[in-house]
Structure formats: structure tokens, C-alpha cells
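Mind assembling these two chains? They're in different frames, but the hints should get you there.
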Amino acid sequence: MNTLKGTRAAIFFGMLPALLIYIGIAIIPIFVSLYYSFFNWDGISAKSAVGFDNYVRIFNDSVFWLSVKNNIIIMVTGLIGQIPLGLLLALLLNRNLRGSTFFRTVGFMPVVISSVMVSLIWGMIYNSEYGFMNALLGFFGLDSWQRNWLGDTSISMYSVSLAYIWQNCGLYMVIFLAALQNIPGEVNEAAELDGATGLRRVFRITIPMIRSTILVAVVYSISNSFRVFDLVQILTGGGPAHMTEVMTIYMYNHAFVSRQFGYGSAASMLILLFSLIVVSLVNRLGREKDS
Amino acid sequence: MKKRNGIKGAALLSVATTLALATAACGNSNDANNGKGASSSDSGGKGTVTLTMMHPWTSPNADNEVYKARIAAFEAEHPNIKINQDGVAAAQYKTKLFTLAAGNNLADIDVVWPGADLDPLVSGDLLLPLNDQMANWNELVREDALAGFNKNGNQYAVPTKQNFVDIIYYNKEMFSKVGYDTFPATYEEWIDAIKKLKAAKLTPISLGNKEQWPLQSSYMSTLTQRFAGDDFLQNVVDGKAKFTDEDFVKAVAVIDELTKLDAFNSDANNMDSVQAQDYFIQEKAAMHITSATVNARIRIDNPNGSKFGIALFPSVPGGKGDPKKAAGVPQFGIAIKSGLSKEKQDAALEFMKYFVNEDLYKDLSKAGIMVPTKTNVAGEGEINPFLEELMKLTSNGSTRVFDSVIPTQPSKEFENGLQALTIKQGTPQDVAKKTQAALDALK
Chain C
4 MNTLKGTRAA IFFGMLPALL IYIGIAIIPI FVSLYYSFFN WDGISAKSAV GFDNYVRIFN
64 DSVFWLSVKN NIIIMVTGLI GQIPLGLLLA LLLNRNLRGS TFFRTVGFMP VVISSVMVSL
124 IWGMIYNSEY GFMNALLGFF GLDSWQRNWL GDTSISMYSV SLAYIWQNCG LYMVIFLAAL
184 QNIPGEVNEA AELDGATGLR RVFRITIPMI RSTILVAVVY SISNSFRVFD LVQILTGGGP
244 AHMTEVMTIY MYNHAFVSRQ FGYGSAASML ILLFSLIVVS LVNRLGREKD S
Chain S
4 MKKRNGIKGA ALLSVATTLA LATAACGNSN DANNGKGASS SDSGGKGTVT LTMMHPWTSP
64 NADNEVYKAR IAAFEAEHPN IKINQDGVAA AQYKTKLFTL AAGNNLADID VVWPGADLDP
124 LVSGDLLLPL NDQMANWNEL VREDALAGFN KNGNQYAVPT KQNFVDIIYY NKEMFSKVGY
184 DTFPATYEEW IDAIKKLKAA KLTPISLGNK EQWPLQSSYM STLTQRFAGD DFLQNVVDGK
244 AKFTDEDFVK AVAVIDELTK LDAFNSDANN MDSVQAQDYF IQEKAAMHIT SATVNARIRI
304 DNPNGSKFGI ALFPSVPGGK GDPKKAAGVP QFGIAIKSGL SKEKQDAALE FMKYFVNEDL
364 YKDLSKAGIM VPTKTNVAGE GEINPFLEEL MKLTSNGSTR VFDSVIPTQP SKEFENGLQA
424 LTIKQGTPQD VAKKTQAALD ALK
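Going down the list, the protein sequences come from chains C and S.
To convert, note that position 192 of the first sequence is 195 in our numbering; the numbers rise steadily by one, no gaps.
To convert, note that position 371 of the second sequence is 374 in our numbering; the numbers rise steadily by one, no gaps.
Bound conformation, chain S alone (with noise of 0.2 Å):
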């Protein structure tokens, strides 16, 4: 195991190698030697512990603030424990973290998602099983928060947040400008108010997909299940259905809908997520679908939040989901790397445990950001209204999110495919077709 995991790290260096003489330098290679010598140059004063730490927390939610006080503090109260962090923006950790797993060049502690994302992982053997560490968490993580970060009844990782990623956030004004004072509860309406919202000369919804993973996680994630029912994406992954299926491609054909109303800002394609977060709260657009967490920057920090409401995708004709279902997902699983040292281990550990805890998820809590605790941490009149109503909301049951389920290539071919439609490239069947065949592609 050791031997080969040295020759995969030769071999994985030298690909790097090549792609960066082949194209100018590329981040990755670059990362992927800097992670290598900083774990090694560990020995900093005499038993000073020198641990790496890769995170996503680099955009400007609440969450990461507090993500980072967190390690801040720890810091401070273990004088003897230093986290050397690696902040990867968050549409490139993925590939990032795989990159690094493919060369054995993990850090320490990784930040994890769960499901499709953590198999290969699990599968390397990268990542140190904490079963018999759970007992701190048992009694205060959600079982079915931890359930996605379990695999063949080893625990990998804990998650630090609850997050849905298909939250409708709509800007009540010119909702009720074109005579909608509630959220649209059928989808004919919904459409009928995107239609009136265009004749009034406002973009209906501000979307940034410039890294493509907006339409595939936030939209259809909910879409799938509200025509094709709750375990489609499963049952396309066992074999018993298809994504050419009749309610799938219905489900599809939403995106060719909305981008022939010209639902979308025109300049979607070339927008990230948080530039597509600032049209709406610009009001530029009257609609924004992203994830829970920007809850807390569009309406809890915002002294304009209140024009903002809050809403779930509406019911579809002849649907098969529950139309009160948000796509949910335990987030940020905090991982520690197989095959540390014993002090190093032992040094993880106690960070994990102290990161991961109940004042966390409680920190968390009063910043406005969901949490996947079995009780309310922060204690009664500390939840902020925006966020109770947002729990609310969200309290009817979860289902699962696209790629936590479709494993990544086809989960690529996708959002390649659903990006096409948005240029009117393509057809939904086309999508459909071609996702399935690069899914068929990895048996």
C-alpha cells in the first residue's frame, strides 16, 4: 500500500509536471508541492505540532467567518498546535482535493462532502475512520446528517452544516408589482409571474453559472424530484431507471423553458454565484435559487432584508415529489488523513473534537446558518426570524442533491449539457441522452 501509494504520488507529480509545462503554470502543481512541503516541515519549536488544514472558506458568507474565528481560537488555547490553512475557493476545492488525493497529498484535515463525492476517497483508503471517537458526537449530530458520511459502517468524517441548496429567494416588491403578495404555489404561475415580471422590464432570476454548477445542484436537484419523484437519482445509479425517462426529461426541459421566456439575465454564462448574489440584492433581478446559506448575506446582514422572502420551488403537473421538500445536504465534514504519524493523529484529533462542537454549531446558529444538530444549540430568542423562518420552510423533509448522489463525470457531462440549453443549444432529450451515456460510460 505504502509502495504504491509512493508511485502514485511520483506518478501524479509528474502529470501535474506536464500540464504545467504544457499550458503556463497551472495552480494545481504548483498547490499540489507547497501542501507536500509544508506537512513536512512540521517540527517547528520542540513539541510544536504543525498541522495542514484545506477549506473552502474563502467566499463572503457568514458561515466562513465563523469557520475561521473557530481556528482562530483553537489556535490561541493550544499554544502548541499550529493549523497551517489552505482557503481553495469553493468551485475549485473538489478538484483541488481529488487532485491532491490522486497524489496521496492530502492535508491533514480536509473538509468533506458526503455521498458521491466521498467514495473515491473512502475507496483509497485516504481518510482515518473515527468510530471509536463518535462518542462525542452522537448524541448532539443528527443520525441521518451523519448517515451520508458513513461508508460500509466506517465513520469518515462529521458535518459542521445543514445546508439546502434550492432556496428560492424573491424580492417581494416586484413580486407584488406584477400582483403576486404570495410566492407563486403551482408552477403555471410561477411561469405566468416570470412572464409578467419580463413585460414589466425586470429580469425574473439573476443567475450566475459561469461555473456551471448552479443549474445542476440548485435547480436540478428540486426539478428531478418534483417530476420524477424522491429516489429517481437513485434508481438511476442502481440501473432501475434512466435519465432518458420521460419525467426526468420534463424535468430538464425547465431550463429550456425559462431560458426561452428569457428568464435569466443575459450575461449568466459569464457570472459566479456570489456576482449573481449581488444582482438581486442590488435588486436587479427579482429572483435568486442558491443555497441556504447565503440566507444570512441576502436578508440577515442586510439592513434591506426584509424585502427579501423566501420560498421553495412550487408544485409541477402530474409530479411525483412532494412539492414541500427542499434538496438538503449535511455539509463541510470535517476528515482527518489516514496514516499520520501518532502525534500527529493525536494532535488532529484533539482539533477535530474542539472545532467540532456543540459551540460551534451554536456560533453558527446566531450567524443565521443552518446546523445538523438533533436539538436547537443556540437556545430559544437566540435564532434570528429570517433564519426561523428559513428552518421552517425547510422542516418538511429533505431530498438528495444531484451530484451528492451522480458520481462526478457524469454529473460534468450534466451541467455541460444543461449550459447548452441555456444557449439555446441542444435539446432536453439531447441532455438527457448524453448524461446517461456518460454514466453507462463508468460501468
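So that you can see chain C by itself, here it is in the shape it has in the complex (with noise of 0.2 Å):
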């Protein structure tokens, strides 16, 4: 304790260029952009100061309500998607099967592909006319499952989904996998003595185990849902028609396309509120949890 008492200085001395640039270059930009949305701009000409109407007229677009939903569907999508799925592929390669490095390195690889690639892919496989998943389909003479996957507005934000959740469950497959790795072995071996195995293992001993990290990744997986851009834009555009558009669709749409600033600040505003109200929740929920 002493040791770190002295250092104390040492350590903010050393944290204060990142702080400074992270204060630059995230906090007052927040300040700055929460400045613009009382504003009526188009960058280019003079500012006119319109109050709350900007929100007002956000709360009362219809379309912005439906990318409110749209990334409901998403975070929704990607909990019950990314973690269970990244929990079982960390499960399995963590039994030491054979080649589980290059199945690790594979299942990683959609984390590091750009989000351009991972949407001009999957735009191919969902393709109507020529695409891999009809032909699929048709091969199994499954014809009638034929879809018009992005184009058919009842399905395509889940096939929007579904591209989200291959390309970030292998980032869960490694948090968990590291998790994994950090069960001391003297449990597992307890475990087994008692009897524990197969899925009663998982369920009593692993999964508890790892509880805070879940947490995480659950948390994660939330917020990294508010902040899906480039994957929508490349796949779908938001389209057709608004039907796949997400918040941040909807303010890049207005404040880069249509040039209206004050309105694209205001929508961000609301982004961050509603990610900031749906992570708290998530947090105080698993701390009852743990009391």
C-alpha cells in the first residue's frame, strides 16, 4: 500500500497525455456536439438558434423511432446471438482438440476482416438473383425458403442481424476462451472428483466461473450494438425505405447527407442517452446479481 502511495503522483503524471487527448478528442467533442443541437446549420452558412425544436421534431419523425427499434433488433439479435454462440465455440476449443489454433484463428478472422469486406461478402451471399444463400436453399430444393433476404422489409434486418453476429461472435469466442483458460485447475479437478461432468460442469462450475466476464461481454455486446454503422451502410444503406436503418444511420443521413447539423448533433445526443440508460440498467442489474 505504501509502494503505491508514492507512486500516485507518478501514475497521474503518466496517465495525463492519454486523459488529455482522450478529454480532446471524446469529452468536448460530446460538449461541442451537445452545443450544435440547439441549432438550426447547415455548416456553411449562419447558425440559428432553435432551442429544443430540433429534439422535438426528432421525437416526432416516425423514422427515427423506427431506427430506435431497428437497434432493439440489433442489441437484441446480438446478446442472444454473439454470447451464446462465442460461449460454445470457446467451450469446444478449449478441450485441446486437434488443429484447435487454426479453428481458433478462423473463427477470430471475421473480427479482423474490415466491416467493408464482411458487408460486401455477405451483400453477395444474400443476393436475390444470384446469391449463395437461394442457391443453397434451392440446391435442398428448399425453393419456397427463397427470400429476397435484404430487399423483403419483414426479414431484412435480421438477415442484417444475423452478418452482425458472424462477424463479432468470434470476438466473444476470445474473451470467453480466455476466461476459459484462467479457471484454475484445481477446480475443474474438484469438480470431476465430485462428479461434475459434461453439461452439469458447464452449467454449475464453468458458466459461475466466469460470471464477471460475461457481465462484460454482455455490457459490450450493448453498447457495441448502439455504435453498428458500416456494416448497415454497405449492406443495406439503411435501406429499402428506412427499414434497416439504425441511429446512427439516421444521424450520419442528416447531418452529413442533408447537411443539417444542429439536427445530426441532437440526433447523436440522443444515441448516447439511450446507450448510457440501457448500459446502467445492464450494470446495476448483474451488481444485485452479485449482492
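Honestly, the hints are just simulated from the structure, not real lab data.
Careful: at least some of the hints might be erroneous.
Stated by the list, open to error - Listing some non-contacts, in silico: residues in chain S with all C-beta distances to chain C over 12 Å:
hint: 1; residue: Ser62
hint: 2; residue: Asp275
hint: 3; residue: Pro306
hint: 4; residue: Lys310
hint: 5; residue: Ala444
Unchecked claim - Just some of the chain S residues that point at chain C, by a computed CB distance under 10 Å:
hint: 6; residue: Gln237
hint: 7; residue: Asp270
hint: 8; residue: Ala271
hint: 9; residue: Tyr282
Just so you know, these numbers come straight off a predicted model, no measurement behind them.
Using N, Cα and C, we set each Cβ at its ideal position, and we do this for glycine too.
Right, here's the structure in full:
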């Protein structure tokens, strides 16, 4: 404890450069955006103050609520897709299978490939005229299952979700794999001696042991889902007719395409607000369970 | 002015940074910084001037090669001037241009569009008036083509090509298969042909509307003129007409009708315009409606080019517009950023005089691209017959392109409404109402 006390100043000065950069590029712009959100501004001519008008207009815009709904779809499908799938893959790879390094690399690959590539690949898979998905279904005689995956508005958002899950579940696999390998060998041995094997060991021993990691992964998955932009932008551009638009696309279209920087800033403030609410809710739930 | 721009620059940068943080790293913010970096690190060797230039010449169109070759030729002849090019895909070009403009970070030389797209740049004093340089071009370039780049008596850019956005390319064999040896002259016949093509299990029209502009620009510019007359769009901007007027709703209803006939390929909203061209060139569809520029790709540079014909939208029942007119726009105006240092400004003007001259127009003509010149610069016999046919088709006057008259926000609203119609959502009346509301919100 004493040694730590002596170095507290040193720690502070060591972190200062990073802190300053973070404040400069993350904290200050948030307040600048907050300021702009009260103006009507095209970026070129003079700003005019409009008070809360931008927020009122956003709340009255059905497209915005559609984008919120789509964000929730991404969030929920992301949670129920990425976390269990990541855990399953991690459990499989933790069993010292032959070639597990190879599979680990393959599983992590989508995380490393740029989103542009991921979007283009899935765009080709989903194409209704020459795409892989429909060809595969046709091959198995499931012609009636063939769809216009990205164009049919009743399923397009779920098609996007699937690509999103594929892109990210490798990340959770690696996080869980690291946590699994940190479970002390004695615990597993003791479990084995007590006769806990297979699924029972997974649910009674392994998952409780990595509970804190799972909670972190859940929070990360949720906050990540609010940031999704590039995948949707390239896969569908938010279309057809706003049906796959998420909040970031909504904000981008207003701020940068239609040049309403005030309105776009207000939308970005709402993204921040919504993600803070959801993340703090999840954190609280997790803590209540801990106590 | 200077100070305000500085503040604006910082402001935009922070908005961009917020975006980069809120979303995954977005291209715009990064590129904005790169652009800035490039223009400030201009001191190469002694006396070498480096200029930045942003252009949309990235797609496989014939004219893009000509433009890039011209830049290379300039650099070869002027070793003391270096052009740093920033090629941005056409669909994103305007977004990037205006984002950079908002941060006062424009490239030294920019490609700009006329009319409503030029207004914000002019109102922000971001472009250099070229009035005292116009002696170079007044003899060469048609006045009506220059007019779109002229605001309040100042000339801000010189166009390098003449485009028409609404050429219907059609597959002659497929049309004769359903009994049309010539392209249908009236709307009823056109719809009849579409029905027959559909019955023959052919895709009537290939459409790539993922980027949303094709329906707005290539379809609705002309359809608006055919139903509501030449001045309708300007009247709407001036408040003398409304999008909700019956004629305009009828024009929008065409998209609805085509959708209900299943006239488009099923993946129309997931394809970009180049992919839709490919469908057509590979004979997977009987028609494709797009700009005159693509004539080179579909017919001139294509060994099977003679399979394809060109036509304009047919006349419509009770229409107020002349069915011989096409929707034209002088495109790719070259402009120079205002407030450059003397040295850079001189270099930029030097570039512009070299780049936009008779030789460029000649090269473009030879490549099969229409140019906004007063005379045929390519000379007799140098013009490809396919280009000649196109020039003849479009020689009966032009009407204006939708988003060169209507400001960005209502245009975007309109594009979304049209896309909704293609997935059978909403009605033409809704689309008209929302577009009018978006226009009214600007006032």
C-alpha cells in the first residue's frame, strides 16, 4: 500500500497525456455536439438558435423511432446470438481438440476483416438473383424458403443481424476462451472428483466461474450494438425506404447527407443518452445479482 | 470571415470526431484530416507547388479515363506543379464535398455540380469567381451550359461534359420478340411492351437503386416534365406550384405502376447503378434507364453494342411536356477554392486552362462522351455513329434534372419515398406530400 502511495503522482503524470487526448477527442466534442444540437445549421451559412426544436422534431419523426426499433433488434439478436455462440465456440476450443489453434484463427477472422469486406461478402450471399443463400436453399430443394433477404422488409433487419452476429461472435469467443483458461485446474479437478461432468460442469462450475467476464461481454455487446454503422451502411444503406436504418445511419443521413448538422447533433446526443441508459441498467442488474 | 471559418473548421472537426467515436471509424472524418494534411504539406522542392484535387472519376466510365489521362498529361508538362488527387466514388462525392465545405477544407480544385448543388458553396464564399478568366472559355463553351455555374453574375466553374440523365437503353432483340420493332412511342404502348416482356419471362427494366438517386434523377426528372411541363420544378421552388399537384402525383404514380407490374429486377434496392448496367449488358433485362455517359460502356466499347438501342421516355396521356426533350445537365464543372495563396491560385488557374480546353473536349468526344461546346470539336468523321445517334436523340431541347432544381433535403426525402413505392409501401400522394413538407421546412 505504501509503495502505491508514493507512486500515485507518477501514475497520474504517466496517464496525463492519454487523458488529455481522450478529453480532447471524446469529452469535449460531446459537449460541442450538445451545443450544436440547439441550432439549425447547414455547416456553411450562419447558425440560428432553435432551442429544443431539433429534439421535438426527432421525437415526432416516425423514421427515428423505426431506427430505435432496429437498434433494439440488433441489440437483442446480438445478445442472444453472439454471447451463447461465442461461449459455445470457446468451450469447444478449450477442450484441446486437434487443430484448435487453426479453428481459433478461423473463428476470430471475421473480427479482423474490415467491415467493408464483411458487408460485401454478405451482400453477395444474400443477393436474391445470384446469391449463395438462395442457391444453397435451391440445391436442397427448399425453393419455397428462398427470399429477397435484404429487400424483403419483413426479414431484412434480421438478415443484417445475422451478418452482425457472424462478424462479432469471434471476439466473444476469444474473450471467453481467455476466461476459461484462467479457471484454476484444481477447480476442474475437484468438480471431476465430485462427479460433475459434461453439461452439468459447464452450467454449475464453468459459467459461474466466468460470470464477471460474461457480464462484461454483455455490456460490451450492448454498447457495441449502438455503434453499428458501417455494416448497415454498406449492406443496405439503411434501405429499402428506411427499413434497416439504425440510429447512427439516421444521424449520418441528416448531418452529412442532408447537411443538417444541428439536427444530426441532436440525434447523436440521443444515441449517447439511450446507450447510457441501457448500459447502466445492465450494470445495475448485474450488481444486484452479485450482492 | 477568416476567423469564423477557423471556428467552423474546429467545430466541424469535433462533430466529425464525435461521429467517428459514436460509430466505427467513418471515412469522412479521416479523409477530412487527410485532405487538410495534404494541402498544408505543399512545399516539395523549391518552386514546386502541390495542389489538391477532388473528383468523382472512379467508376469504369469512358470519360473518367480521359479526365485522368489529362491530369497526368498536365503533370508531365508542368514538372513544378503536382496534383494530389482524391478520387471519391460518385455516390458519396457530394456528401464529402459538402462536409469538407462545412469545415472550410475543400480541395484546391474541385468538381462541382450546377444549380441547387452549387448554391451552398457560393453562399459560403468558398469558390473563386472566374469572371476575368472567362475569355479562355467563352468562345468554346455554350452559354446555356455555363449558366448553371453562374450565380449573381459570377462564373464559378466551367463544365466539362454534357450529360443527359434519362436515356432508355433497350435490347432490340427482346423488344422485337414481343412485337416491337421500334421503341414504343406512347406510354400505353410502353406499358404494354413491359407486360409482354414480363409474360415472356424477361426482366423488363434493370434498376440499381441502392444509392437511391437513379429513380429520382433518371426517372423522375423526365416523368415530371412529361406530365407537369418544363417549368414545374422551378415553379415549385418559387412557390407557384406544389408537389401535391395532380400532374406531379401522376408522374410519381408511374413508379408505383412499374412496381406493381414487377417491371424491375427483384434485387433493385440492393444493387448499385453499375451492377444494374451489368445486368443489362449481360442481356438479363430488356431496358436500363440511366445517363448518356453510359452509352460508351453499353454500346461504343461493347463488341455487342449494336444489339442495344436508345430512346427517350414516351409521351404520356394528357402530358404537358414535349416528349422529344431529355433531362440534361452540364456536368463536372471544374472550380477553384477561394482564398488560396497567390502562388497556388496561379498554379490552379494554369491547371484549369490546360485541363478544360479544346483538347479535353476533343478527347471526350472521341471516347463517345457528349460535351457542352458550341461546335463539334472532334471534327467530321471522328464521331462514333453511336454517339452521333445519341446527339441526335438529345438535340431537341432539354429539361432540368430534379435535384439540380430542388434542394438536397426534399430531394432525399423524395428518393426515400420513391424507394418505399418500389417495396409497395406508401402511395404516390404520400410521397408528394412528404416531399412538399420537406421543401416547406426549409423556408
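Results for each hint:
With a least beta-carbon separation of about 16 Å from chain C, serine 62(S) lies farther than 12 Å from that chain, consistent with its non-interface assignment. Chain C draws aspartate 275(S) into its interface by the beta-carbon criterion, the shortest separation being 10 Å against a cut-off of 12 Å. The claim that proline 306(S) is not at the interface with chain C holds, since no C-beta of that chain comes within 12 Å of its own (minimum 23 Å). Listed as a non-interface residue, lysine 310(S) keeps its Cβ farther than 12 Å from every Cβ of chain C; the least gap is roughly 21 Å.
Once the 12 Å rule is applied to beta carbons, alanine 444(S) is inconsistent with being away from chain C; the minimum gap is 9 Å. Taken as an interface hint, glutamine 237(S) does not check out: its beta carbon lies about 21 Å from the nearest beta carbon of chain C, beyond 10 Å. Annotation: interface hint on aspartate 270(S) holds; nearest CB of chain C at approximately 5 Å, less than 10 Å. Satisfaction of the interface hint for alanine 271(S) is found here, the shortest Cβ-Cβ separation to chain C being roughly 8 Å, below the 10 Å cut-off.
Interface restraint check: tyrosine 282(S) against chain C, minimum CB-CB distance 8 Å, threshold 10 Å, status holds.
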